[in-house]
Amino acid sequence: MSNSDGEPVASAKIKVVARDVNVFYSDKHALKAVNLDVRANEVTALIGPSGCGKSTFLRCLNRMNDLIDGARVTGTIAIDQQDIYLKDLDVVQLRARVGMVFQKPNPFPKSIFDNVAYGPRIHGLAGTGAELEEIVVTSLKRAGLFEEVKDRLNEAGTGLSGGQQQRLCIARAIAVSPEVILMDEPCSALDPIATAKVEELIDELRQNYTIIVVTHSMQQAARVSQRTAFFHLGELVEVGDTEQIFTNPNHKLTQGYITGRFG
Amino acid sequence: MTEMVEPLTASVTVAGVNARLRRRYAVDRWFRALGVSAIVAALTFLILLLGTIIGQGYTAFAQSQIRLAITFDAAILDPDGRGDPAVLGTADYGRLIRQSLETLFPDATERAQRRELSRLMSPGADLELRGMLLADPSLMGRTEEIWLPTSSPVDQLVKGHTGRTAEEGGQFTDGELRRIDRLRSDGRLAARFNKWLFTQGDSRQPELAGLAGAVVGSFYSLLVTVLLSFPLGVAAAVYLEEFARQSRWTDIVEVNINNLAAVPSIVFGLLGLEIFLNVLGLPRSAPLVGGLALTLVSLPTIIIAARVALKAVPPWVREAALALGASRLQMVTHHVLPLAMPGILTGTIIGMARAVGETAPLLMIGMVAFVVNVPATPVDPATALPVQIYLWAASPERGFVERTSAAIIVLLCFLAVMNAAAIYLRKRYERRWG
Ligand SMILES: Nc1ncnc2c1ncn2[C@@H]1O[C@H](COP(=O)(O)OP(=O)(O)OP(=O)(O)O)[C@@H](O)[C@H]1O
Ligand SMILES: [Mg+2]
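Top line first, the protein sequences correspond to chains A and B. Using the working numbering, the letters of the first sequence map in sequence onto residues -1 to 261. Using the working numbering, the letters of the second sequence map in sequence onto residues 1312 to 1745.
Next comes chain A alone, as it looks inside the complex (with noise of 0.2 Å):
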């Protein structure tokens, strides 16, 4: 039971490619031969009961798993086309093209104009102040935080509330101009009109960006993505268009996981 993803995809482009992907922590088998198409500038959200792998899934897309002792991943994935398991593959080029956002909120302990301005530095993605500036501002903007905080960008990041530190940490994630971003349960922390922001901006930046949500809210789920992969135990049971896998899962474990029967 790998991939159910039968239906045409020939009309919209596909990002990311994941072939045959299984990831074992020590001995652990936690993702199972994995096969996923992500397609561009829409928003997939991986569900699925806690611990089935959707975190682990996520990591393999930055490499964050290289981060873990004993950690091993095998398959290929591929992001246009480009395999970015490859050995001479420079990793810090990888994390600049795939964000990520953090379950938790996590803004660096310095200035939110810096929190945003850290990546674009270590790029070198701007010649001068100015254009730094330009670049936070247009980020904080896109992030729908430039109107909170345009007052005091030189106060701590960490001084703001959670749902503006979750914004905070998707501004400071596309300043540095990725194609995809990843978002680990993005709203988990976050009271309901925090998330609905977030949400929101979510469906905002699927103009620019590819996007893949983990979410444990069925109905976050429906509200953001296009399309939906249901993870049970290690293994993805079923991907499709996000209509379908709500209103007619082809698999008994989908129906069950959606309509609260376990999970």
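The set of hints was computed from the structure by calculation and includes no laboratory data. Given the structure is predicted, the values throughout are model-derived calculations rather than measurements. C-beta: ideal position from N, C-alpha, C; glycine also. Any given hint could be a false lead.
Unchecked claim - Here are some, though not all, of the chain A residues that point toward chain B, as calculated from beta-carbon distances under 10 Å:
#1 65
#2 89
#3 90
#4 91
#5 97
#6 120
#7 167
Go by the hints and put chain B with the ligands onto chain A.
Coordinates of chain B with the ligands only, in the frame set by chain A:
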């Protein structure tokens, strides 16, 4: 609360619960009393210690001095009149002092009385005059009122440490006592600030023995220690924490660093003696070598403290930086180190504080010599503060007893300044984005 909840089992009765609660409160009170008494005991010892040391040592910061009208007589000092420094350096300045004293006490005509006059002054008082003239040649021919140090027995009498009579430890004849009294009533003999304590190196004469050599020696040693052990310690800790993969090899390194921190410091002294003096041939008694030996002592402490500080930096900081495409080195230097810096600095200062009070390794590499000159560079022979304390404590003269305590006070001030610096640095780093 006990009334509202149904007992879980029959044995849980209201009375039983209350008794348990009372017992818990009693244990609580006991524990707090224990803590308070421990703190009180510690404070008492500290106050006793400081009280004794300050009580014994504060008098060393003053030195009895006699104001004499000294005429820098060219006929005595420079008969040729050429101003040759070699001649001026070896001239008989003692004669100027004797002349001045004889003018003050014209009745002292016999040899014995004149010898008594000389005994008033420190045998090193003439060096003071020589230093003044060499520093300012225009003094030649002029007459100046100059405060010069008395001999140690006079100093002890003025400070009241010894009495006037022989039974009270005094060693003076009636004539001497009369002169001392006259000098005091004339305002020519008084205990004044002891500048020699801070400008002189060691001396056999307590009234001329100063801490300058030891302070400078300690300072140079510490400078070498900081410059070596801070970067080395931080680099080692960063490598072990942030770069090295957890393996058997890092385990072995870790265990050994912890063992090194527990090695008695004299062992590091022996190691320093063998490596730095015998193999590398570095100069004996030099603060440079002392600093190298102290680096060995403080390095494990700094590495351990820095690793703890690095471990305390939350992992999400690293993930956030790496996910943005920072290299490992950028992650460390931009994010992890600044956050760990307060802890690292505290650990470094603790290591330095241990180093500044360390005596044993310095004895091994020869920094225990009798050094009169204040070292000008880190390779000149020198002592260090704790070694100076050790040396003076072994001298029986009353003048050295008070100077031993004074040296301890100076050492404690050294430590206080270092701790203040640590707190200041920590506050500065913490204030950035609290
Ligand atoms: N660093 C690790 N070391 C060992 N095992 C791990 C590690 N991280 C995850 N795992 C295991 O891999 C499996 C998948 O974990 P993963 O974090 O991907 O789950 P998830 O779907 O994101 O769950 P959740 O919804 O709770 O976040 C789990 O069984 C987990 O115990
Ligand atoms: Mg997860």
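Each hint, compared with the structure:
{"no.": "1", "hint": "65", "verdict": "holds (7 Å)"}
{"no.": "2", "hint": "89", "verdict": "holds (8 Å)"}
{"no.": "3", "hint": "90", "verdict": "holds (5 Å)"}
{"no.": "4", "hint": "91", "verdict": "holds (7 Å)"}
{"no.": "5", "hint": "97", "verdict": "holds (7 Å)"}
{"no.": "6", "hint": "120", "verdict": "holds (6 Å)"}
{"no.": "7", "hint": "167", "verdict": "holds (8 Å)"}
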